[in-house]
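Given these sequences and hints, build the entire structure.
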Amino acid sequence: MRRILYIAKKEVLLILRDRMSMIILILLPLIITGILGNVLRFRLQEVGFAVFDRSGTGQMIQIISDLDASEEFSFAGNILSEEETHNAFVYKDVKFVIYVPEDLVRGGVVQIFLDGSDLIMSEAITQNLSARFAGGGYPFEISLMYNEELKSEMETLPGLVMIALIIVSSIMLGLSINRERERGTARMLMLTPAGINEIISGKGLAYLAVSLIHGISVYSLTIIMFGMEFGRGIFSFLLLTGLFSLNSMVIGVFIASLVKTELELLIGCWFFLFIPNVFFSGFIFPLQSMSVVIQPLASVMPGTLFIDSYRAIVFKEAPLFINITSFTLLVIQTITFYFVSIILFNRNFFRK
Amino acid sequence: MRLFLATIYKEFLQLVRNRTLLFLITGAPVLLLTIIPLAFDGDVRIRAGVCKISYNETIRDVEKRIAASPFFEELVYYSSIEEAESDMKKGELDMFLVIKDKEANLVLDGTFPRRVSGSIYAVATEVFGIETTGVNFHTLYNAGRSYRNYYLVSLVVLIVTIISAALITLNIVNEKESGLEEQFRATIINRKIYFSGKFTFHILLSLFVSIYSYLFCFIVYDLRSEGSLLLLLLATLLYSLPVLGLGAFIGSKSQTQLRAVYVLTVILVLLIMLSTMFSHHDSMPEWAAASRFINPVWYGIESARIIILKGI
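Residue numbers (our numbering), protein chains in the order written: chain A, 1 to 352; chain B, 1 to 312.
Treat the hints as calculated values from the structure; they're not laboratory data.
Among the hints, erroneous ones may be present.
Capping the alpha-carbon separation at 30 Å, the derived lysine-lysine pairs in DSBU-like fashion look like this [unchecked claim]:
| no. | chain 1 | residue 1 | chain 2 | residue 2 |
| --- | --- | --- | --- | --- |
| 1 | B | Lys89 | B | Lys52 |
| 2 | B | Lys10 | A | Lys92 |
| 3 | B | Lys10 | B | Lys176 |
| 4 | A | Lys260 | B | Lys10 |
| 5 | B | Lys89 | A | Lys9 |
| 6 | B | Lys176 | A | Lys260 |
| 7 | B | Lys64 | B | Lys100 |
Listed below are several chain B residues computed to face chain A (Cβ distance under 10 Å; list not exhaustive) [unchecked claim]:
| no. | residue |
| --- | --- |
| 8 | Thr20 |
| 9 | Arg47 |
| 10 | Val98 |
| 11 | Asn136 |
| 12 | Ser146 |
| 13 | Ile306 |
Where a beta carbon is used, it is the ideal one built from N, C-alpha and C, also for glycine.
Here it is, written out as structure tokens:
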């Protein structure tokens with residue numbers, strides 16, 4: 001235990017003495033969530049559209065001015081010929097074209113042309129427009145839970161916090177280990193009485209303190225910037241971020257044990273942690289829409305577990321025991337990856 | 001010229017002799033392009049529940065319609081609102097209908113604003129049979145609204161970006177840190193040749209990675225380019241320049257690999273997320289949407305989408 005603390009102290013000094021790197025390291029998650037939290041919203045806002053009116057009756061004028069007046073859409077101009085439709089999509093900032101046929105009065109159907117190469121946008125437009133043209137009110141009442149104002153940042157915030165934490169945590173500990181191996185200082189550690197186990201847990205202890213700072217700073221950010229209430233689930237939140245960072249760190253160590261240099265670690269973390277967790281965590285695609293083959297794997301991804309628990313803790317004020325499965329899975333993954341990497345390191349840690 | 005070729009050859013040998021790295025830039029893209037498309041395979045299904053307070057005729061109709069609709073997963077029944085709410089709290093339920101006498105109340109989980117409008121739309125059309133009258137939707141380009149083609153293009157650009165930027169940045173800092181660069185100064189290779197050789201090699205490498213990835217997509221997923229392949233090649237070549245330039249800049253400004261990795265990470269995450277890879281710029285605040293003009297990743301993705309999906 002004392003040896004672990006010595007290693008941790010060494011690592012803390014190493015972090016503190018490189019001021020520039022320390023500042024970047026501590027600010028990283030704050031920058032990512034701060035900027036992206038304000039940017040990534042899946043909401044339509046002044047989307048340009050054009051109208052190709054062949055009826056000449058002016059029947060559509062009311063609808064078009066309604067659309068233009070709404071927050072979501074803005075009228076970009078009239079189209080006079082077929083070729084111009086194509087040109088509008090290519091050269092102008094037009095996302096959909098409303099085509100009014102000649103025989104509108106005699107039961108013709110209005111056509112809406114969308115751009116399938118901008119798929120996320122087109123799906124959102126389709127939903128919005130079909131709700132508008134659905135006609136009449138709904139025969140049922142709608143009530144929203146947890147997010148009555150339908151704030152769109154609620155959708156992306158858990159995912160962004162996840163991305164910021166996973167990429168920073170996984171890289172920082174793995175990097176510090178592979179750095180020693182690449183520069184040969186690992187051989188000096190070999191001269192000390194500390195074993196592999198103690199070296200890695202000592203280093204981990206130092207970086208766990210860093211990730212605690214990350215947790216606190218991200219929590220404060222959500223209060224200041226996104227208007228969460230103070231004190232809501234603060235204990236569970238810190239526990240969750242701590243556990244999740246530890247999990248990412250250990251997976252980072254595992255990747256570090258498979259490769260040799262810092263470059264390989266960087267690419268490994270991006271490819272095998274960042275990309276799968278972005279795509280499989282439900283951040284972009286809901287889990288239910290995934291292929292059946294991958295669903296079981298996706299549901300135990302650290303990112304998925306984090307996002308689900310984050311939603312429950314921060315947005316739904318759920319008690320801790322509801323997330324007990326997520327927490328247990330995170331702990332199991334952490335322990336497994338830790339022991340596997342220790343075994344691998346026992347074989348190759350001191351080799352340059 | 002001979003010196004220039006020699007530096008390129010040196011970079012090539014450095015890469016080929018490192019087995020792990022070679023695997024990471026040839027095996028990993030294949031692995032990712034095989035696994036990741038499984039994420040966008042199926043249709044979005046809504047997890048719905050029904051809570052009947054009092055029995056009436058409507059309820060049987062609702063059951064039948066939900067069971068018949070492709071938009072919903074299997075219906076879950078609840079005997080009280082509290083039960084349904086607690087399932088929603090656990091995140092196991094997207095929406096539930098409360099049916100009481102002749103009133104129906106739709107309760108939705110508001111933490112997924114994107115899914116809310118979809119659920120309302122599905123309930124209105126599928127359960128209560130409201131028709132969207134007089135309007136038809138057509139999708140030009142990528143007519144099947146295939147998520148697969150759309151995201152495959154993004155994924156290839158993402159992989160190429162990460163490999164090119166990471167490789168050149170850490171290559172430069174590594175040689176600086178290990179003193180190799182100092183030793184080069186003692187040779188007849190001057191800095192210009194040394195650097196342009198490095199740059200040329202990495203341009204070729206990122207071209208190789210993109211051609212290789214697109215070829216894999218073509219063979220496995222039958223992703224065909226609507227536009228000319230020559231243009232796609234040119235766009236890929238042009239895209240690699242700013243990414244490599246950015247990487248080289250970070251590399252030459254950083255003292256240690258540690259710092260380079262941190263700076264590169266934050267810049268790459270921001271560039272990728274601010275491009276239209278996972279979002280669209282019409283939903284961003286103006287300053288963020290305007291940042292696309294100086295964001296190389298935005299140009300990379302948009303040009304690839306325009307050429308492959310739109311075919312211009």
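Are any of the numbered hints broken by this structure? If so, which, sorted upward?
When the structure is compared with the hints, numbers 2 and 5 turn out to be violated.
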